[in-house]
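Asks: Sequence:
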Amino acid sequence: MMKVLLFETMTGKILTELPYTSASWSKGICVPDDLRCSIPMGTPIVAKMRLRDLVEPRRTGIAFERDGEIVAAGILGAPKYSRDGQKLDLVATGWESLLSYRLVLPFPLGNIIGTSGKPDERWDTNISGFDLGTIIKKLVQLSMHHPGGSYPFVFEPDRVGTDERSYSAADGQSVLEAIQQISELVNGPEYEFVTRRKSANQLEALLRTGSASETILTTPGEHLWAGTGPEPHLRSLEEQRLPNYLVSRVFFTGGKDDDRMLLSRKDDSSLLLEGFPLMEVWDSSHSSVSNQLALDAWALSRLEQGQRFATFWGFEVNEAFAPGLSVGDFCSIQMEGDPWIPDGFYLRRVIAIDGEAGSNWLKITVGEATDG
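Everything in the sequence shown is counted per the working numbering, starting at 846 for the first residue and increasing by one.
Treat the hints with care, as some may be off.
As the list claims (entries may be wrong) - Distance condition first, Cα-Cα at most 27 Å in a straight line; then the derived DSS-like pairs of lysine-lysine:
(1) Lys858 x Lys1043
(2) Lys848 x Lys893
(3) Lys932 x Lys963
(4) Lys1208 x Lys848
(5) Lys848 x Lys1111
(6) Lys848 x Lys858
(7) Lys858 x Lys925
(8) Lys1111 x Lys925
(9) Lys848 x Lys925
(10) Lys983 x Lys932
(11) Lys963 x Lys858
(12) Lys932 x Lys893
(13) Lys848 x Lys983
In short, the hints are calculated from the structure, not lab data.
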């Protein structure tokens, strides 16, 4: 039986357990948890709970607990009450949502613009001597120095490295955007907030990040599933082969910070030789990149990505065949005798998991292992 726990955002203190008529959740790689549930409002028990005083967007959150494990948690958005339906619909988004309205700023903070009318660099943020995953951690910790920022987060030990990042206070960049940009780098580290009980009546969230040697987050081992046969482990299998990223020529621009333009061009004729039409991409989203080698790496990565279809499978698997399954895990799926998918073993990586209360079946989305 799944529990819906209402907790305080700033302390993680569990306020109460909520009754519900439906509850569902979704998790993905480097994306916030998504939680939804409906609370029946026409019962004496709920009337005594005075939920209007407890269910407050951003001040409180909800967590789903199953068999003693927190499967998803997030901060409440706008509740929707229906008098006719006698229900209260709750939506919550993972801990990362707190960082979407926090800026990369030091504490204490002075005047960002000096008397000369130019940005005062004393309030810039410079982090060096760590790997990129630890820099993500440092950015989150920086946000916690400000009043109103003492979230119930815990962290892994620092990892030394040679990476560095600088952030101008005058740019007004959000913490979430900053850590997403790091994660999206070529071989950038993945990150996730893992919610757990700190005590019987309090939650905390552990920030995990990939390291320089192991950028992805996964659990040891590999799930083995039969996709076909007399007793398949999967049901409702669907496949999509998306051409969205196919490309034979890419242009990447950068150099904004140096007041000069950098351009990287990469070509590959493999698709043309196979009969595909010429497809080109112009990417100006990396304007802050001032190093030509870094820009070349971005362009090459995009070109390599564009040499094949992006293939995704969606299916359902019973929890009995997926013990300990987490987003980021690897799985091997055997297909035989299918009219569309050739016979063989397919190594895939779990990129999304959806679940709901009252069901032992999980909805899974997987991509090719190299697409993680």
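Asks: Taking the hints in turn, state whether each one holds.
Replies: Taking the hints in turn, this is what the structure says about them:
1. Taking the CA atoms of lysine 858 and lysine 1043, the gap is near 9 Å; set against the 27 Å cutoff, the hint holds.
2. With a C-alpha separation of about 19 Å, the suggested pair lysine 848 and lysine 893 falls inside the 27 Å cut-off, and the hint holds.
3. Of the pairs offered as hints, the one joining lysine 932 and lysine 963 is violated, with about 53 Å between alpha carbons and a cut-off of 27 Å exceeded.
4. Between the alpha carbons of lysine 1208 and lysine 848 the distance comes to roughly 20 Å, so the proposed pair stays at or under 27 Å and holds.
5. A hinted pair counts as satisfied when its Cα atoms are at most 27 Å apart, and lysine 848 with lysine 1111 does not qualify at roughly 52 Å.
6. Our distance criterion of 27 Å between C-alpha atoms is met by lysine 848 and lysine 858, whose separation comes to about 15 Å.
7. At roughly 24 Å between alpha-carbon atoms, lysine 858 and lysine 925 fall within 27 Å of each other, so this suggested pair holds.
8. Our distance criterion of 27 Å between C-alpha atoms is broken by lysine 1111 and lysine 925, whose separation comes to about 50 Å.
9. Between lysine 848 and lysine 925 the CA atoms are separated by roughly 20 Å; this keeps the pair inside 27 Å, and the hint holds.
10. In summary, the hint linking lysine 983 to lysine 932 is not supported, as the alpha carbons are separated by about 41 Å, beyond the 27 Å threshold.
11. At most 27 Å may separate the alpha-carbon atoms for a hinted pair to count; lysine 963 and lysine 858 exceed this at roughly 44 Å.
12. Distance restraint check for lysine 932 and lysine 893: the Cα-Cα separation of roughly 15 Å lies within the 27 Å cut-off, and the hinted pair is therefore satisfied.
13. Of the pairs offered as hints, the one joining lysine 848 and lysine 983 is violated, with about 33 Å between alpha carbons and a cut-off of 27 Å exceeded.
The structure fails hints 3, 5, 8, 10, 11 and 13 (numbered hints given earlier, in ascending order).
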